[in-house]
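Peer 1: Each chain, letter by letter, is given below.
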Amino acid sequence: MNRPGNGLLLPRSMSMGRRDFLKRTAAAGFAAALATPAIAQNAKIRIPLVSWMWNEPGRGDAWRAMLAKFHAEQSDVFVEEAGAPFNEFNNNMLIQSQSGKVNGALFHTTPDLVVRLLRGGHLEPLQDIVDKLGIGDKLSAAHDHLRVDGKVHGLDIVTVKFGLLYNSELFDKAGVGAPSSVEEWVQTTTALTKAPDQFGIYSPHLMSEPGDFWFILQQWAVMFDGKWAEGRTPLVNSEPVIEGLKLFKKMYDNGMPKGTDIATANQMYANGRIAQQLIVSAAVNIWSTTGPDIYKSLRSVVPPGPSAKAITRIHPICVNAHASDDEKAAAKSFVEWLYKPENYQELMERCLDVVPPYPEAIRKEYLDQQFWADGYLKGEAITPLEIMGDYIFFNQEFGNIVMDKFSEVLVADRPVEDAMADAQQNLERASERLFDGFTL
Amino acid sequence: MLQSEVAEQDRVTFTRRPWRRRQNSLAYTLVFLIVAYLGVFILFPIAQQFLTSFSNNVVGVDNVTWVGLRNYERLMEDEDFWFALQVTLTYMAFVVVGAVSLGLLSALLLNRKFRGRNVARSAIAVPWAFPEISAVLVFIWMCNPTFGVMNVFARLFPGIEQNLNWLSDPKLAMPLVIILSIWKAFPFTFLVILAALQAIPREVYEAAEVDGANRLQMLRHITIPEITPTLLLMAVLMSIFSFKQFTLIWLTTGGGPYGGITETLVLRIYQTAFRFFDLAYGATLGVAGFVIVLGLTLLFVYAQQRQDRARRS
Chain A
28 MNRPGNGLLL
38 PRSMSMGRRD
48 FLKRTAAAGF
58 AAALATPAIA
68 QNAKIRIPLV
78 SWMWNEPGRG
88 DAWRAMLAKF
98 HAEQSDVFVE
108 EAGAPFNEFN
118 NNMLIQSQSG
128 KVNGALFHTT
138 PDLVVRLLRG
148 GHLEPLQDIV
158 DKLGIGDKLS
168 AAHDHLRVDG
178 KVHGLDIVTV
188 KFGLLYNSEL
198 FDKAGVGAPS
208 SVEEWVQTTT
218 ALTKAPDQFG
228 IYSPHLMSEP
238 GDFWFILQQW
248 AVMFDGKWAE
258 GRTPLVNSEP
268 VIEGLKLFKK
278 MYDNGMPKGT
288 DIATANQMYA
298 NGRIAQQLIV
308 SAAVNIWSTT
318 GPDIYKSLRS
328 VVPPGPSAKA
338 ITRIHPICVN
348 AHASDDEKAA
358 AKSFVEWLYK
368 PENYQELMER
378 CLDVVPPYPE
388 AIRKEYLDQQ
398 FWADGYLKGE
408 AITPLEIMGD
418 YIFFNQEFGN
428 IVMDKFSEVL
438 VADRPVEDAM
448 ADAQQNLERA
458 SERLFDGFTL
Chain B
8 MLQSEVAEQD
18 RVTFTRRPWR
28 RRQNSLAYTL
38 VFLIVAYLGV
48 FILFPIAQQF
58 LTSFSNNVVG
68 VDNVTWVGLR
78 NYERLMEDED
88 FWFALQVTLT
98 YMAFVVVGAV
108 SLGLLSALLL
118 NRKFRGRNVA
128 RSAIAVPWAF
138 PEISAVLVFI
148 WMCNPTFGVM
158 NVFARLFPGI
168 EQNLNWLSDP
178 KLAMPLVIIL
188 SIWKAFPFTF
198 LVILAALQAI
208 PREVYEAAEV
218 DGANRLQMLR
228 HITIPEITPT
238 LLLMAVLMSI
248 FSFKQFTLIW
258 LTTGGGPYGG
268 ITETLVLRIY
278 QTAFRFFDLA
288 YGATLGVAGF
298 VIVLGLTLLF
308 VYAQQRQDRA
318 RRS
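Protein sequences, first through last, are from chains A and B.
The numbering of the first sequence is the working numbering, which starts it at 28 and goes up by one.
The numbering of the second sequence is the working numbering, which starts it at 8 and goes up by one.
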């Protein structure tokens, strides 16, 4: 019999009234609940781990494996994936921070972000974990800026360090060796360039990709022992910075696929059409999963400038100070578990990382097998805080002013000195506004 | 009216009252939902933006305070803002003229009867249906100075011996962004103008033909006047669309290659608020943009009213 007024003249068995709908929805919900992992059902508390890493090839899978191991070993705490891709992650967190509270009981951070969150009072001290594990005096010096009153407020989960990552097969074919000085590097790069089939080097240089452009550009000045700012004084027209940018321009003219975006360049690198990149150690994990052919040919050397310095960034895991006590305790139990040597070693090996937060966190046998890691291990570490001064809080705006002027050098052949003199003036003008009402 | 009829009417009114009450409450509920939606998602953010523009809300500044008109004073003195406005107006002018002209031309051509007309009409609408991000990625690849197909064609021209650095060339970046924007936008104007052309009664043309009018005269004295309201609407809509355009410009040039050559006001707002975290000044730029779009909308309303009055008279 047809239900009056349903308009479709469906048999009663096929039509759905409000009660039917509610019943079926409830049944579906119950079935879905049954389908979720039993471990999540049994867990006393579920906490999100907010990160950009879930979207990264290799690293995301490594973290999923670590969570699975954690869940298998205990059933009190269930850690869930949450977050956004890297490009949006920092912005999301900063905007949340400005509103007074950030989401998630646990989150990964970047060097720039963590200082802002620390300053905003969003981070819970983790010193009790460090004391319990007895690693207080072994933690890398990069953790020093995360201490307030002697208590550390974040623990490193990946240290990324700059190095010159090159394709040894292309070097062998061209009959050149790894460069150890700037002059050698320029010659090597020129020798490796046979445009349009092969290019000696790539470094991001498009204003449409400002995040990566600035991230890597900073290292070019550091190779000459340059600092971009000290305290509130910009130093973009200082000699080491100028030297670094002149070198970039020389490489751009002689060895780069001009105007090429990062995705295309990465594909070219994976196909053996780009010989070198000045890039951080964490990127190697991407090649191991997306470019297995090139991976075996990868080698690294210290960025070949006179300083032998390499920007080193720690990415800490932090516990949210605004979370409930139960959530904080659950989050800390995960961090404590993760920081045990046997677990941290596994994390490093799954992520293909080579710079440990404390000596026991890496196995020597594993490190010896990383044929590509030599240059990353030898470079002298320098942190973003040391090269950016107080502008670490305004890193992107600082970078934008520099990149805008430096782009004139790249595409309009303006002398580096002139462009950086303008950038210096712009930054000095901007600093009055940026630091107005800003207290450290 | 007979007494019995009056009594019957009263009875009917009486019996209908609860139904009416129910109907009224349903209407109020529906209106309330729309008003609540507008209030929460449109009016509140606009009000919040206005309020923020009178504060010093910058990520990192601890005490957010009322600063009066300070951000607006900064706006007036900000060379970058005026330059971005100039870039925006230039971009808008070219996109509006380009998209409407190309839309008109295509609509006139495809309004004629020929074999394969339906296929041609569908094909011309493809750029509009194509997702913006995919379109930009293909375009960037075409413009790649090393591998891009654009250089294959460019080098056929005498005097061009080296590959052009298309999107990084300060002289070429803006024209390319404009061309991409027109390519993406004109199918919309084409479809709307085509619909307007088809609404012109055939008899008018037949009468003009009998009177000895040639095709050009028919275009000038019949077609164009008949579709003028549509052209006006398209011009205003294209102005608003191009003013708001973000994705195409951001992904192709990011406002560069340098000096903000392709940085429109919308890009400037995004950079200020979400890359430099100067929320207050970003909101101030947003208010300036809001005023401009409001002006365009009012212009459209005025033009439409004028058209209506002219038609009525």
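Just so you know, these hints were derived from the structure itself, not from any lab.
All C-beta atoms in this analysis are idealised placements derived from N, C-alpha and C, irrespective of residue type, glycine included.
A portion of the hints provided could be inaccurate.
What the hints assert, rightly or not - If you want the footprint, here are the derived chain B segments under chain A, 3+ residues with CB under 8 Å:
(1) 186 to 199
(2) 256 to 266
(3) 272 to 283
Unchecked claim - The list that follows gives simulated cross-link-like pairs (lysine to aspartate or glutamate, EDC-like), each with its CA atoms no further than 16 Å apart:
(4) A/Lys-96 with A/Glu-369
(5) A/Lys-221 with A/Glu-257
(6) A/Lys-405 with A/Asp-417
(7) B/Lys-178 with A/Asp-440
(8) A/Lys-285 with B/Glu-216
(9) A/Lys-221 with A/Glu-151
Stated by the list, open to error - Non-contacting residues of chain B with respect to chain A, defined by C-beta distances greater than 10 Å in every case (computed):
(10) Asn-64
(11) Val-66
(12) Ile-147
(13) Pro-165
(14) Asn-172
(15) Ser-175
(16) Leu-286
Peer 1: Can you list which hints this structure breaks, lowest number first?
Peer 2: 1, 5, 6, 8, 9, 10, 11, 12, 14, 15 and 16
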